[in-house]
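Line order of the protein sequences matches chains F and S.
For the record, in the first sequence the residue sitting at position 22 is 22 according to our numbering, with numbers rising by one throughout.
For the record, in the second sequence the residue sitting at position 95 is 95 according to our numbering, with numbers rising by one throughout.
No copy is singled out in the list; a pair is fine if it fits within one copy or between any two copies.
Derived lysine-lysine pairs resembling DSS-like cross-links, with alpha carbons at most 30 Å apart:
1) K75 x K57
2) K3 x K194
3) K136 x K3
4) K75 x K27
5) K334 x K253
6) K392 x K29
7) K253 x K194
8) K3 x K193
9) K253 x K136
10) K257 x K334
Calculated directly from the structure, the hints in this document are not laboratory data.
Remember, predicted model here, so these are calculated numbers, not experimental data.
Number of protein chains: 2
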Amino acid sequence: MPKISQKGHDMPESPIRKLVPFAEEAKKKGIRVFHLNIGQPDLETPRSMINAMHNLKVRVIEYSHSAGIISYRRKLCEYYARHDIHIEPEDIIVTAGASEAILFAVQTCLNPGDEIIIPEPFYANYNGFATSAGVKIKPIISKIEEDFSLPPISEFEKVITPATKAIIICNPNNPTGYLYSYDELEVLRETVKKYDLYLFADEVYREFCYDGRSHFSVMNLKGVDDNIVLIDSVSKRYSACGIRIGSMISRNKEVMKTAMKFAQARLSPPSLGQFAAEAAMDTPDSYFHEMIAEYSARRNTVVKALNNMEGVICPNPNGAFYVTARLPVDDTDKFCQWLLEEFDYDNQTVMLAPATGFYSTAGAGIDEVRISYVLNVEDLKTAMMCLEAALKSYSGRTL
Amino acid sequence: MPKISQKGHDMPESPIRKLVPFAEEAKKKGIRVFHLNIGQPDLETPRSMINAMHNLKVRVIEYSHSAGIISYRRKLCEYYARHDIHIEPEDIIVTAGASEAILFAVQTCLNPGDEIIIPEPFYANYNGFATSAGVKIKPIISKIEEDFSLPPISEFEKVITPATKAIIICNPNNPTGYLYSYDELEVLRETVKKYDLYLFADEVYREFCYDGRSHFSVMNLKGVDDNIVLIDSVSKRYSACGIRIGSMISRNKEVMKTAMKFAQARLSPPSLGQFAAEAAMDTPDSYFHEMIAEYSARRNTVVKALNNMEGVICPNPNGAFYVTARLPVDDTDKFCQWLLEEFDYDNQTVMLAPATGFYSTAGAGIDEVRISYVLNVEDLKTAMMCLEAALKSYSGRTL
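Isolated chain F (complex conformation):
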């Protein structure tokens, strides 16, 4: 049998995936599982997107332009302008989700062996894209005690080497929910300018900001246009992860020209998804106001409940729909499996994401979990009761 590749061996497997069979077994036993482990919003997809499919008028579902349908890219420019981000259609390549945008950015900007700095915990799939591109991730730790704020520039400088080519941030952050401030982004601006690095910013949760806080985009950092690559997606924004429409955006012409060669090699982003995404651009502001009110109430529910549990530490983040919390347990990989395999509370249990998958430093995050608040408030309350009961009866409790 021919061998598989080294990269194939090295590709990480998500700790969440390993739990899926245990969740399926629990369900077979009649246990209701509250899924707090996923990044799939439960809110209804805007009607305009579904209507775009209902009213589809094409004879042939054709390839689109490799950079995406021009009318959609123009609408995207209007969307960004409303967020005070001013770009042209040629600064955009429409991609199959943010996933493909990250892949294009890494392939365009980094050589195998190059290093990329990411504050951890970070979105688990960055590990996959790094492995796939043969790039090394250099993590710097954001501390739960400091609400997962950006580590100081001195921490970045400790790991910068001649092989360092880029920094990735996700803002608001998955998995911590942390919303970076203007001052923190200024620190990044100075760093990438001083060391001539790329800054890849994943801003797919741009609208998900609470407590009246607003989002500052890396696209508005001054004097670093050539360093900035924006990774974006409509998946979370419009509760439409399945359409697989993201974008890679940069004002660096050489980066975009090169990324286009990768885009052309895969011919076209999904056309149906683009039709839906274009229709979504007219989603009224009221959709987002309701969404923000709903997620804000959910976050309050979860953060309050967690901090009322003995030994649990949970910051109160301003963005996205995740929190990363510290639990008084030996090992959250074990605890999360036990929740599904052995525990129930009135025939109910919770599925959480062990945080180890969001760290690249071995052993980091061993007592942390990511909780996605993608259920309604009532369900979240019940889920939190389950978790509280579970923490009391788990044998690996550290309190």
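Chain F is fixed; fit chain S onto it per the hints.
Same frame as chain F, but now just chain S:
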């Protein structure tokens, strides 16, 4: 400004893409351009697929399973069974077109520096995927004088080295239309078995077989299940390139388990496209009978017209919707640009694909073009008249 990557520099640009601005200019001048340069079928997408969108009933457009929606994979198994290919849903990963399937196959099976043998001319984007994965293509020439049939095993053996890991074939072939015979596939079977290689077979044109010829799939080669990876797509089959739904298929469990890690890193193939593709699985046989009759008539038109032109050589291939023809010109890159930039025949001209983009050997294919017969017979007749007139007035004519 930070540098772009070496791969980014090395990514090939298709010679067709370079012609696009010239085609746009020609159109601005009021010239009608017959597009024989593309692989986008013009036939109507089956009604069932459009209806699936019109009847879309979902509250949220969610991620699908990373390997694809299970009901779609089951339907795919039924489709394959009708073609005498017997597989299980777990042998399938649904991908964003054949493009992503090739990417997964190469990343799963080959290390950077490994070599892959491809009979040339070959589908131009294989170059892109090879560059992207850091893999070397070793071409072996299929000759126009031999109708682009498979080179003998001795030609493969001349280029096999310890670094050789795979062979790719496309059957029926893009860009030659050649349909490999059972005997030719047996030669490949023996070769991959003897040298322990993977055989990646791109069979996206499976249904496009003419003159009563039938397609033999690599999935039915005996005793080499672990060596075979099938690359497939519904794009051409159902004239629905824009849905971006393909698949990577293998009975090799380790290959599929590894490919799943790459699939999980990009979360999900497009859901809307999968809904459409699932509906397509019920497309009646009559759709294909009509399609084959239509393409067969088109091929006859093009092949006959070409061979009636002085100095033109064109085999009569049995599959796909392409021919690769030799023209009596100095350089088809120049000729194809001249067709758009300087020539017109009654305010009409043709856009062809220069064949150099389909060869990896420098200089090969310099006097060949690929012609896609994706227009109706009347338009093809006019397009061929344009081409004949052009060949007579082109200054770089070699006759």
